[in-house]
Amino acid sequence: KAGVTQTPRYLIKTRGQQVTLSCSPISGHRSVSWYQQTPGQGLQFLFEYFSETQRNKGNFPGRFSGRQFSNSRSEMNVSTLELGDSALYLCASRNGQGRQETQYFGPGTRLLVL
Amino acid sequence: KQEVTQIPAALSVPEGENLVLNCSFTDSAIYNLQWFRQDPGKGLTSLLLIQSSQREQTSGRLNASLDKSSGRSTLYIAASQPGDSATYLCAVSGSSNTGKLIFGQGTTLQVKP
Numbered sequence: 001k002a003g004v005t006q007t008p009r010y011l012i013k014t015r016g017q018q019v020t021l022s023c024s025p026i027s028g029h030r031s032v033s034w035y036q037q038t039p040g041q042g043l044q045f046l047f048e049y050f051s052e053t054q055r056n057k058g059n060f061p062g063r064f065s066g067r068q069f070s071n072s073r074s075e076m077n078v079s080t081l082e083l084g085d086s087a088l089y090l091c092a093s094r095n096g097q098g099r100q101e102t103q104y105f106g107p108g109t110r111l112l113v114l
Numbered sequence: 001k002q003e004v005t006q007i008p009a010a011l012s013v014p015e016g017e018n019l020v021l022n023c024s025f026t027d028s029a030i031y032n033l034q035w036f037r038q039d040p041g042k043g044l045t046s047l048l049l050i051q052s053s054q055r056e057q058t059s060g061r062l063n064a065s066l067d068k069s070s071g072r073s074t075l076y077i078a079a080s081q082p083g084d085s086a087t088y089l090c091a092v093s094g095s096s097n098t099g100k101l102i103f104g105q106g107t108t109l110q111v112k113p
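Protein chains in written order, with the numbering used here: chain X, 1 to 114; chain Y, 1 to 113.
Because the hints were derived from the structure by calculation, they are not lab data.
Some clues are possibly wrong.
Taking lysine to aspartate or glutamate and the EDC-like style, the derived pairs with C-alpha atoms no more than 20 Å apart in a straight line are [unchecked claim]: (1) K100/Y with E52/X; (2) K68/Y with E3/Y; (3) K100/Y with E101/X; (4) K68/Y with E52/X; (5) K112/Y with D67/Y; (6) K100/Y with E75/X; (7) K57/X with E3/Y; (8) K1/Y with D27/Y; (9) K42/Y with D84/Y; (10) K112/Y with E3/Y; (11) K13/X with E75/X; (12) K68/Y with D27/Y; (13) K13/X with E82/X.
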């Protein structure tokens with residue numbers, strides 16, 4: 001089975017712009033979660049989507065949004081970028097229906113905001 | 001609010017040593033605990049998942065234990081190798097059927113040949 005893929009892998013944007021990141025989960029997985037990783041804050045949960053519905057949301061401002069498509073692929077959007085949004089963005093997938101499931105992470109998208 | 005702490009933040013050992021990484025969490029009402037490995041600039045690889053009802057899990061040279069009542073987990077690595085050099089992260093899940101994990105800051109391990 002192919003693993004979780006994320007595109008693009010690297011991105012440079014300037015303050016005020018917006019960005020869209022994409023995540024393709026493992027085939028058959030219906031749950032996709034997004035995380036932000038920074039040196040200062042570590043790994044922080046952004047949100048989770050399951051069957052095209054947001055199921056959980058972390059403590060991030062409304063500039064961070066996401067969606068999931070019928071094929072389980074997910075996108076994350078950040079509007080009005082700030083310098084502090086520079087981070088590694090990771091997505092993770094799992095089946096979403098089991099009770100004790102591990103999560104499979106993608107390689108991440110590294111975003112640099114100038 | 002659940003908080004996860006990992007000690008030490010960094011560790012350097014000679015090849016062949018057995019070592020223990022520690023993880024503590026403030027709220028014992030967890031659903032499961034997972035240990036991950038992260039290589040520089042890469043995503044996370046799951047190592048072990050321990051259900052809240054379990055005391056330990058083993059995979060090869062790795063053994064993870066869980067003491068829910070005291071809010072602690074340890075990851076034991078036997079006969080360490082240079083290829084084990086990475087950052088090790090523990091994460092807890094607070095409820096069933098959720099993708100939300102709360103992570104510790106990680107322990108960066110260097111195994112010297």
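Hints versus structure:
1. K100/Y with E52/X: 16 Å, holds
2. K68/Y with E3/Y: 14 Å, holds
3. K100/Y with E101/X: Holds. K100/Y to E101/X sits at ~12 Å (cutoff 20 Å).
4. K68/Y with E52/X: Violated, at roughly 34 Å.
5. K112/Y with D67/Y: 31 Å, violated
6. K100/Y with E75/X: Holds, at about 17 Å.
7. K57/X with E3/Y: 17 Å, holds
8. K1/Y with D27/Y: Between K1/Y and D27/Y the Cα gap is close to 8 Å, so the pair holds against 20 Å.
9. K42/Y with D84/Y: Measuring from Cα to Cα gives roughly 15 Å; hence the hint holds.
10. K112/Y with E3/Y: Answer violated: K112/Y to E3/Y is near 31 Å, above 20 Å.
11. K13/X with E75/X: Holds. K13/X to E75/X sits at ~17 Å (cutoff 20 Å).
12. K68/Y with D27/Y: 9 Å, holds
13. K13/X with E82/X: 10 Å, holds
Hint check: violations occur at hints 4, 5 and 10; the rest are consistent with the structure.
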